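> Got chain A; can you put chains B, C and D on it based on the hints?
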Amino acid sequence: MNARQRPPAEFAGRSSCRALWEMTLPVALYSPGELMVTAAAREIADGELVFVGMRLPMLAFLVARRTHAPRSIALYENGTIRQTPSTEMLYTMGDPANLCGATQCGQMLDVMGLLQQGRVDVGFLGAAELDRFGNLNTTWGRRDGELRRLPGSGGACDIACLARRTVVLLVHDRSRLCERVDYVTSPGYGTGNGWRRAQGLPEGSGPSAVITTLGVLRFGSDGEAYLASLHPGVSVEQVLANTGWTLRVADELVETIPPSGQELAVIREFDPHHFWTRSDER
Amino acid sequence: MNARQRPPAEFAGRSSCRALWEMTLPVALYSPGELMVTAAAREIADGELVFVGMRLPMLAFLVARRTHAPRSIALYENGTIRQTPSTEMLYTMGDPANLCGATQCGQMLDVMGLLQQGRVDVGFLGAAELDRFGNLNTTWGRRDGELRRLPGSGGACDIACLARRTVVLLVHDRSRLCERVDYVTSPGYGTGNGWRRAQGLPEGSGPSAVITTLGVLRFGSDGEAYLASLHPGVSVEQVLANTGWTLRVADELVETIPPSGQELAVIREFDPHHFWTRSDER
Amino acid sequence: MSAESKLMTMQEAIERHVRSGSTVLLGAELEQMIPFAAGHELIRQGRRDLTLIGPISDILFDQLIGAGCVSRVMAAWVGNASAGLGYCFRRAVESGIPRPIDVVDYSNLTMALALHAAALGVPFLPTYATLGSDLLKKNGNLREFRSPVSEEKLVAVRSLRPDIAILQVQRADAFGNAHKWGSLGVAVDGARAARKVIVVTEEIVEPSVIASDPNRTLIPGFLVAAVVNEPWGAHPSPVQGYYGRDHAFFAEYHEQTRKLGDFEGWLARWILEVPGRREYMKRLGPSRIERLSVREHAFSRPADFGY
Amino acid sequence: MSAESKLMTMQEAIERHVRSGSTVLLGAELEQMIPFAAGHELIRQGRRDLTLIGPISDILFDQLIGAGCVSRVMAAWVGNASAGLGYCFRRAVESGIPRPIDVVDYSNLTMALALHAAALGVPFLPTYATLGSDLLKKNGNLREFRSPVSEEKLVAVRSLRPDIAILQVQRADAFGNAHKWGSLGVAVDGARAARKVIVVTEEIVEPSVIASDPNRTLIPGFLVAAVVNEPWGAHPSPVQGYYGRDHAFFAEYHEQTRKLGDFEGWLARWILEVPGRREYMKRLGPSRIERLSVREHAFSRPADFGY
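Protein chains in written order, with the numbering used here: chain A, 1 to 282; chain B, 1 to 282; chain C, 1 to 307; chain D, 1 to 307.
Pulled out of the complex, with its shape left as it was, chain A reads as follows (with noise of 0.2 angstroms):
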């Protein structure tokens, strides 16, 4: 099957993906989305707590808990914390499938206050635009140099200020990496190093994976992001044609590995007609 290819209706539905779970795909046939996820997922470690949020990080969950973190636990800002993995694809986390079987409905306020404990392993962030010191903003973006609204933090703004480590996720243009952003929705390292303390904000939290369409990011101990790893197939050139800074290389630079069978299977049971990952932008 090819993963660009969305399967017939028929195919949908809350079990009768089960049976791909069994199945080892060969790895080539992935979609830009389903390598996102899966190095997503990747930085989940087995037994942490994790603030899942919506869109793609709601699969790199279910992709962890299915595959090397099934101690795993995912918390969401409806008040929900959730061991086991849902039935069926999730639209959002409030979705009754969702809520149905999990560990505890709560307040909002019960997973906030796991958040601000420091008891939140790593948080997973979507952006509009991301620059230099990992700074995110969600609420004004850029386009064709117009200041157009986007709809605003959600709980970015509080996991990127109190999660230990944050993990972001975004397409690679040059509009999108910029060397600063216009609006700081959620911190990163701000200006660079120490700037998270000056601020007030908790010791050793911060970005610490920023996973792009073209590779992975991460930031050193100034704050400054660097390209750690690169996707199959893509070159040094192309991330830095499309990052809006001089972005660092590491000198070790290492190739993303692909997506496995089995985390391909999770991520095709769980959003069968490629919702999510279909394209990479929702």
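Do not take every clue at face value.
Derived CB-CB ranges, DEER-like [as the list claims (entries may be wrong)]:
1) D/S5 x C/F299: 21 to 31 angstroms
2) D/R283 x B/R143: 31 to 41 angstroms
3) B/S260 x D/E296: 24 to 34 angstroms
4) A/L29 x C/Q256: 27 to 37 angstroms
5) A/T246 x C/E144: 27 to 37 angstroms
6) B/G194 x C/K138: 35 to 45 angstroms
7) B/I257 x D/G84: 26 to 36 angstroms
8) C/E264 x B/A45: 44 to 54 angstroms
9) C/E144 x D/I289: 52 to 62 angstroms
10) D/S20 x A/T246: 53 to 63 angstroms
11) C/E144 x B/A198: 27 to 37 angstroms
12) B/D46 x A/R197: 53 to 63 angstroms
Rather than coming from a laboratory, the hints here were simulated on the basis of the structure. Quick caveat: nothing in here was measured; it's all calculated off a predicted structure. Idealized CB from N, CA, C, for every residue including glycine.
What follows is chains B, C and D alone, placed relative to chain A:
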């Protein structure tokens, strides 16, 4: 039935006292505790939110609810909100009978939040000591000149600070009604007029009535207590002799109206063994 | 019972309890239980100058903004949770169409704390969230200060007291005592923070049903001004145990509101030409309703309150 | 399940998780669900220098103080809820018998806020409560300050993070996910404020029972270090739906602990000579147990989580 006489144990139980409800008892036969409960009940107006607390006020709420204030609502510090009377006598607010059939069982902060919002009309308090300005002490009592450690505030300080009105119940003697309490567990009017606002306490809050074994005290606009009502058979001299400061007396001193047959019936339904109303000192 | 019934129609509830210029909390449960039926009635009754309060709001805010009911939004996120942007929101902010709106940007946590502060009756609550962000710089209800106990930097989130909270629940009695389960979000604090509450319920039950499980009572009746029995009142958002999320409806809204004229058509079709929820459900059609209905029940294990 | 079972005996749980010198939250639910079995095991294992934290505590604090386990109490009220004073508490404070204790006086609200602050992860929370009182003057964890948003006087309640919270519940799975109902008090915040939680449960159930009603899960398992299946573990305090309050036991304790020698006899009879809860229940006797057992069940109306 003589109210001072304990009914036989066989007469107790969940519904065996229901018959009393219908009876009209001779009004003269009531204990000081029953008179206090009745006077306390009359401090509750219909539809009010009442922070009930323990002991005699638990009975006072039941009397009010079943007589003149059928729409009053009880709040308890364990988080319970109750609109219907419980079905049996309560020893504590946490008795299963008080939770079964409650309107809401929440957290302590759920009810304390309502209190701090200023939504609670009246709160009831007991006290070991009360002074001229209605300040209460339940932390360090003095007996025979020695300081004795008492249980402490519980929610009393919170209620005294935050309820619109507070009603205090205590035994009337010189050691308890004193010029100045040794320790302000629960602030009344402090040192008089304007003191509460200067402390930052909510406008219009403060003690409203003190129901003792001898009469009812109220407070002037200067924050000082005065004798407003005498219990039947008690003289002004008796009150003054048992008060640790020169108590002012209302120009229009009235007599406390004794419990009606209906009020007594409710008290005896819920306290058939006179556990709370036998003595007045519990 | 000695209390009086608060049951009324949606039309009456909005007529009596929501004036133009009010601050209104909607969508407190995030993606679930958004009171669309109530929002549509606000539009039909032509309320103006509303301040909308809510964490993520989903497309109900977008609709109210597009219909010209709103002058201010205090929220953490305004858009379409599964489909992306809200075009009416964007048009109003960027171009003042149909009228300019003021946006006060919160994060989810600071919005939750603003309502929690009001529910606790304090003027503010402290947090580390938003330190270093432009939300803190731009939102006047967030203010940096020094902790009085630790000298740390903190943000004071000013309490926010909506005039009215409109909250969807699964079941309530006629006096407003309401059971609510599944997604809670900021609804519990929202009910206590607001000056008045309108409860929109899937079912009216006897008080004894509510009293059978007092831990599930999240809204006590004395906070409630009106109880509206409006089955499917949250569609296209889901109500746990009653109906699912109509994902397609959100996608269609996204497609059908890109341009101003398209939105106006959508608004007429789904709100202005529809007198109430019953007619709305007819437009939805039986097969769509059938598809969203509960396919498999999952009842909670009872708790014993006996003694 | 991939998680590991945390089931162990009370003896093991106390041995492994509570050291001398710890701060321990007990009695978070006020008069219900006080973990007496756990407290008695603390006494038998000879823990010393404990700091006890709790709102009203009832007679468990009095027993631990009388047994010499305690050097400090942070509470709003220490005594016997239905019978009055706690004599051991009074002897310790007034005369240092069996050892002096330090008392940090809170009100219920300020105690709740101290734990809530820890649960929210902030250094303090503000309140108007205790303004003008001597609690504010004497308790160093309460500090007057000016509101950063309104210039009002407020009290900052410093967050309080117990080393361990011991919480009684009705049912839990082996991983610590726990259903709790009835009287909640400060238990929800207590579980999150503490560094570790010991859950003492009337029943062990399958995870699917907990997952059937996630709104009733008040303690998520990842906060829990040990799960102890100890039926009647809260006697003489009640557990809603399981057993009533043994009022007579509280009255007897009051009568039998007035004098130091009397308390020592009581301590030997009910704690030191008793290896565990099973033996304790034998001493209680079948007729007393029968009298306290649930006479009439009152099951909650189920909530549907289906879709």
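> Work down the list of hints and note, for each, if the structure agrees.
Structure-based check of all given hints:
no. : hint                                : in the structure
1   : D/S5 x C/F299: 21 to 31 angstroms   : 27 angstroms, holds
2   : D/R283 x B/R143: 31 to 41 angstroms : 35 angstroms, holds
3   : B/S260 x D/E296: 24 to 34 angstroms : 32 angstroms, holds
4   : A/L29 x C/Q256: 27 to 37 angstroms  : 35 angstroms, holds
5   : A/T246 x C/E144: 27 to 37 angstroms : 33 angstroms, holds
6   : B/G194 x C/K138: 35 to 45 angstroms : 40 angstroms, holds
7   : B/I257 x D/G84: 26 to 36 angstroms  : 30 angstroms, holds
8   : C/E264 x B/A45: 44 to 54 angstroms  : 53 angstroms, holds
9   : C/E144 x D/I289: 52 to 62 angstroms : 59 angstroms, holds
10  : D/S20 x A/T246: 53 to 63 angstroms  : 59 angstroms, holds
11  : C/E144 x B/A198: 27 to 37 angstroms : 29 angstroms, holds
12  : B/D46 x A/R197: 53 to 63 angstroms  : 58 angstroms, holds
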